[in-house]
Amino acid sequence: MIQAHLKKRLHGVNGEFNLDVNFAVAEGELLALFGDSGVGKTTLLRCLAGLEMPEQGCLTVNNQTWFKSFHQKTIPFNLPPQQRHVGYMFQDYALFPNMTVRENLEFALRKGSDKKRVDELLAMMSLGELQHRKPETLSGGQKQRVALARALASEPQLLLLDEPFSALDDAMRSHLHDEVLRLQQHDGMTAIMVSHDVGEVYKLANRVMLMEAGQIVIQGSPAEVFSKGQTSGKFRFTGKILAIEAMDVLHALTVLVGNQIVRVVATGDEATLLHVGDSVLLVSKAFNPMVLKLEK
Amino acid sequence: MTYDLSPLLLTFKLASVTTAILFSIGVPFAWWLANTRIRFKPAVEAMVSMPLVLPPSVLGFYLLLAFSPTHWFGQGLDRIAGIRLAFSFEGLVIASVISSFPFMVHPIQAAFQSLPHSLTDAARVLGKSNRQTFFRVLLPNIKPALLSGTVLAFAHTIGEFGVVLMIGGNLPNETRVASIAIYDEVESLNYAAANFYAGVLFVLSFLILLAVYFINRKKQNQMALHQGMPK
Numbered sequence: 239m240i241q242a243h244l245k246k247r248l249h250g251v252n253g254e255f256n257l258d259v260n261f262a263v264a265e266g267e268l269l270a271l272f273g274d275s276g277v278g279k280t281t282l283l284r285c286l287a288g289l290e291m292p293e294q295g296c297l298t299v300n301n302q303t304w305f306k307s308f309h310q311k312t313i314p315f316n317l318p319p320q321q322r323h324v325g326y327m328f329q330d331y332a333l334f335p336n337m338t339v340r341e342n343l344e345f346a347l348r349k350g351s352d353k354k355r356v357d358e359l360l361a362m363m364s365l366g367e368l369q370h371r372k373p374e375t376l377s378g379g380q381k382q383r384v385a386l387a388r389a390l391a392s393e394p395q396l397l398l399l400d401e402p403f404s405a406l407d408d409a410m411r412s413h414l415h416d417e418v419l420r421l422q423q424h425d426g427m428t429a430i431m432v433s434h435d436v437g438e439v440y441k442l443a444n445r446v447m448l449m450e451a452g453q454i455v456i457q458g459s460p461a462e463v464f465s466k467g468q469t470s471g472k473f474r475f476t477g478k479i480l481a482i483e484a485m486d487v488l489h490a491l492t493v494l495v496g497n498q499i500v501r502v503v504a505t506g507d508e509a510t511l512l513h514v515g516d517s518v519l520l521v522s523k524a525f526n527p528m529v530l531k532l533e534k
Numbered sequence: 045m046t047y048d049l050s051p052l053l054l055t056f057k058l059a060s061v062t063t064a065i066l067f068s069i070g071v072p073f074a075w076w077l078a079n080t081r082i083r084f085k086p087a088v089e090a091m092v093s094m095p096l097v098l099p100p101s102v103l104g105f106y107l108l109l110a111f112s113p114t115h116w117f118g119q120g121l122d123r124i125a126g127i128r129l130a131f132s133f134e135g136l137v138i139a140s141v142i143s144s145f146p147f148m149v150h151p152i153q154a155a156f157q158s159l160p161h162s163l164t165d166a167a168r169v170l171g172k173s174n175r176q177t178f179f180r181v182l183l184p185n186i187k188p189a190l191l192s193g194t195v196l197a198f199a200h201t202i203g204e205f206g207v208v209l210m211i212g213g214n215l216p217n218e219t220r221v222a223s224i225a226i227y228d229e230v231e232s233l234n235y236a237a238a239n240f241y242a243g244v245l246f247v248l249s250f251l252i253l254l255a256v257y258f259i260n261r262k263k264q265n266q267m268a269l270h271q272g273m274p275k
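Those protein sequences? They're chains G and L, same order as listed.
All residue numbers for the first sequence refer to the numbering used here, where the first residue is 239 and numbers rise by one.
All residue numbers for the second sequence refer to the numbering used here, where the first residue is 45 and numbers rise by one.
Extracted from the complex, chain G is given alone in its bound form:
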């Protein structure tokens, strides 16, 4: 059980703002932090890990005080990161360049842990072939898997993941979602994950907090947060115009939606307002979609 009430001044791209959050995380829960870049998600993770000190507030984890700011009659207290026993996966991976993949994981093991855990993690992340390579020789996705494995190696009571699946291809991402979920539920780990991927949050998180400029704007289950006021009989996609072609009376727009390129028609009036590179919202009625099951 985590109880956090933290305040810290941050210097963002658009000037200073306050990180000011108050939330609780139940044991074994997987919480997702969702929001644009620079709203304080990484800083929040760093404060939880003890790598940065909040200016005010308190943080208790399983009835143990990790941080307490100066308050009437109490002396400030900040538990060093070494004693917090968290698994932290850094956005830049922070793999030790002097150690091989296997040595990186072994370095992370707590005293007295079974070395078998390293083999299990290597197998789980499909890193067996790469275990004797140095990090500098790996691709981005491979490094990300090593970083994830290393964060799990120390059997942490709290797992903090900063965009853990961003550099992976779809098949590997889906595979690791399942594995992380299985491991997290098996070990009863509490986890907090930064993610920009709605699908990922839906699949993994019990709860999601949407952050804006250091504040929590909405929190709730992914279904509640993401479909608030949006459940309707229409599809809505945001996309970017790649090309506009004039055809007789109509115009054909080529729009990039996610990874797909679609062609839609626009009337002459609509087309005069649009330019290549504009972001647009495509809305379509969802009254007779074709639903096809995908084979794995």
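In case anyone wonders, no lab produced these hints; they're calculated from the structure.
Glycine included, C-beta positions come from ideal geometry on N, C-alpha and C.
A couple of the hints might just be wrong.
[Claimed, not checked] Residues from chain G that face chain L, not an exhaustive set, calculated with beta carbons under 10 Å: (1) Arg284; (2) Gln321; (3) Gly325.
[Said to hold, decoys possible] Straight line, CA to CA, 27 Å or less: simulated DSS-like cross-link-like pairs of lysine-lysine: (4) G/Lys372 to G/Lys349; (5) L/Lys85 to L/Lys187; (6) G/Lys306 to G/Lys246; (7) G/Lys353 to G/Lys372; (8) L/Lys57 to G/Lys306; (9) G/Lys372 to L/Lys172; (10) L/Lys187 to L/Lys262; (11) L/Lys172 to G/Lys354; (12) G/Lys354 to G/Lys372; (13) G/Lys353 to G/Lys441; (14) G/Lys381 to L/Lys57; (15) G/Lys349 to L/Lys172; (16) L/Lys263 to G/Lys372; (17) L/Lys187 to L/Lys263; (18) G/Lys349 to G/Lys441; (19) G/Lys372 to L/Lys57; (20) G/Lys381 to L/Lys263; (21) L/Lys262 to G/Lys381; (22) G/Lys372 to G/Lys441; (23) G/Lys349 to G/Lys381; (24) G/Lys353 to G/Lys381; (25) G/Lys353 to L/Lys57; (26) L/Lys187 to L/Lys57; (27) G/Lys245 to G/Lys306; (28) L/Lys172 to L/Lys187; (29) L/Lys262 to G/Lys372; (30) G/Lys381 to G/Lys354; (31) G/Lys478 to G/Lys381; (32) L/Lys187 to G/Lys381.
[Said to hold, decoys possible] Simulated coverage check for chain L against chain G, where a stretch passes if three residues somewhere in it have a Cβ under 8 Å from a Cβ of chain G: (33) 157-170; (34) 178-185.
Chain L: place on chain G using the hints.
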């Protein structure tokens, strides 16, 4: 014809002792300098770099004054510990440590600064003490800089002339290092001996630097080879 080898031996003894001392104080100092946020850091950095721009005779002059038995520092040292630094090997070591200090500190400081801070963070989160982090994560990742700092400090000490002349003089087996011996032999028109010492220094300096560049290139090739491997 045989030449007196003692100036050469003395030179390498001086360079070895100086480099060993510099390594043990230079590495922690470089780490401190790379991480400190004290306000007078620019002043500290300027002091470290002074030997690069000062004429060696200036450094030698002030050290000579400080070491002299009439100065409070030299006098105190003589009374308390019975050590006389002027015109002695020990004095040469201290002077060489000061004048070669930037050659050891600069590459190592730059290497510490270029290491991503997340490496230290990662080690701390994994429960490692500052000591374990320093010896198992930071130092192994700046090996090339440790090598160049050590070699540059060693080579610079071999090439020291001005400071040595000012505070060491020309005492055989005590302060008569090879660079001084060359000057001395030329003054007495003994060109063959001067040529011998000069040739040895020339060849050795070249070989030391060659070895460093060779090792660095080999490392780079290894990296390139790894990166070309199929993923």
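Comparing the hints with the structure gives:
1. Because the smallest distance between the Cβ of G/Arg284 and any Cβ of chain L comes to about 8 Å, under 10 Å, the interface hint for this residue holds.
2. Residue-level restraint check for G/Gln321 holds (minimum Cβ-Cβ distance to chain L is 8 Å; threshold 10 Å).
3. Proximity of G/Gly325 to chain L holds as hinted, the smallest CB-CB distance being about 8 Å (cut-off 10 Å).
4. The suggested pairing of G/Lys372 with G/Lys349 holds, with an alpha-carbon distance near 24 Å, which does not exceed 27 Å.
5. For the hint linking L/Lys85 to L/Lys187, the alpha-carbon distance of about 25 Å falls within 27 Å, and the restraint holds.
6. Between the alpha carbons of G/Lys306 and G/Lys246 the distance comes to roughly 13 Å, so the proposed pair stays at or under 27 Å and holds.
7. At most 27 Å may separate the alpha-carbon atoms for a hinted pair to count; G/Lys353 and G/Lys372 meet this at roughly 20 Å.
8. For the suggested pair L/Lys57 and G/Lys306, the alpha carbons sit about 56 Å apart, so the restraint of at most 27 Å is broken.
9. A distance of roughly 21 Å separates the Cα atoms of G/Lys372 and L/Lys172; the hinted pair therefore holds under the 27 Å criterion.
10. The hinted pair formed by L/Lys187 and L/Lys262 meets the criterion: a straight-line CA distance of about 14 Å does not exceed 27 Å.
11. Proximity of L/Lys172 to G/Lys354 is assessed by CA-CA distance (about 21 Å); at most 27 Å being required, the pair is judged to hold.
12. Distance hint between G/Lys354 and G/Lys372 is fulfilled; the C-alpha atoms sit about 21 Å from each other, no more than 27 Å.
13. The suggested pairing of G/Lys353 with G/Lys441 is violated, with an alpha-carbon distance near 31 Å, which exceeds 27 Å.
14. In summary, the hint linking G/Lys381 to L/Lys57 is not supported, as the alpha carbons are separated by about 47 Å, beyond the 27 Å threshold.
15. The suggested pairing of G/Lys349 with L/Lys172 holds, with an alpha-carbon distance near 11 Å, which does not exceed 27 Å.
16. With a C-alpha separation of about 13 Å, the suggested pair L/Lys263 and G/Lys372 falls inside the 27 Å cut-off, and the hint holds.
17. Restraint check for L/Lys187 and L/Lys263: the C-alpha separation of about 11 Å stays at or below 27 Å, so the hint holds.
18. Restraint check for G/Lys349 and G/Lys441: not satisfied, since their Cα atoms lie roughly 34 Å apart, outside the 27 Å limit.
19. Between G/Lys372 and L/Lys57, the direct Cα distance comes to roughly 39 Å. Violation of the 27 Å bound is thereby established for this hinted pair.
20. Pair hint G/Lys381 plus L/Lys263 holds up; C-alpha atoms about 21 Å apart against a cutoff of 27 Å.
21. Under the criterion of a C-alpha separation no larger than 27 Å, the hint pairing L/Lys262 with G/Lys381 is consistent with the structure, at around 25 Å.
22. Distance hint between G/Lys372 and G/Lys441 is unfulfilled; the C-alpha atoms sit about 32 Å from each other, more than 27 Å.
23. As the CA atoms of G/Lys349 and G/Lys381 are separated by approximately 25 Å, the hinted pair is consistent with the 27 Å bound.
24. This hinted pair checks out: G/Lys353 and G/Lys381 have alpha carbons roughly 21 Å apart, not beyond 27 Å.
25. Our distance criterion of 27 Å between C-alpha atoms is broken by G/Lys353 and L/Lys57, whose separation comes to about 47 Å.
26. Proximity of L/Lys187 to L/Lys57 is assessed by CA-CA distance (about 24 Å); at most 27 Å being required, the pair is judged to hold.
27. For the hint pairing G/Lys245 with G/Lys306, the CA-to-CA distance comes to about 11 Å; that is within 27 Å, so the pair holds.
28. Using a Cα cut-off of 27 Å, the hinted pair L/Lys172 and L/Lys187 holds, with the two alpha carbons roughly 21 Å apart.
29. Between the alpha carbons of L/Lys262 and G/Lys372 the distance comes to roughly 16 Å, so the proposed pair stays at or under 27 Å and holds.
30. At most 27 Å may separate the alpha-carbon atoms for a hinted pair to count; G/Lys381 and G/Lys354 meet this at roughly 21 Å.
31. Note on G/Lys478 and G/Lys381: the hinted pairing is violated, with a Cα-Cα distance of about 31 Å set against a maximum of 27 Å.
32. Of the pairs offered as hints, the one joining L/Lys187 and G/Lys381 holds, with about 23 Å between alpha carbons and a cut-off of 27 Å not exceeded.
33. Beta-carbon proximity to chain G at under 8 Å applies to 9 residues in the stretch 157-170 of chain L; the threshold of 3 is reached and the given coverage holds.
34. Three residues within the 8 Å Cβ limit are the bar, and the stretch 178-185 of chain L against chain G gives 4, so the coverage statement holds.
When the structure is compared with the earlier hints, violations turn up for hints 8, 13, 14, 18, 19, 22, 25 and 31 and for no others.
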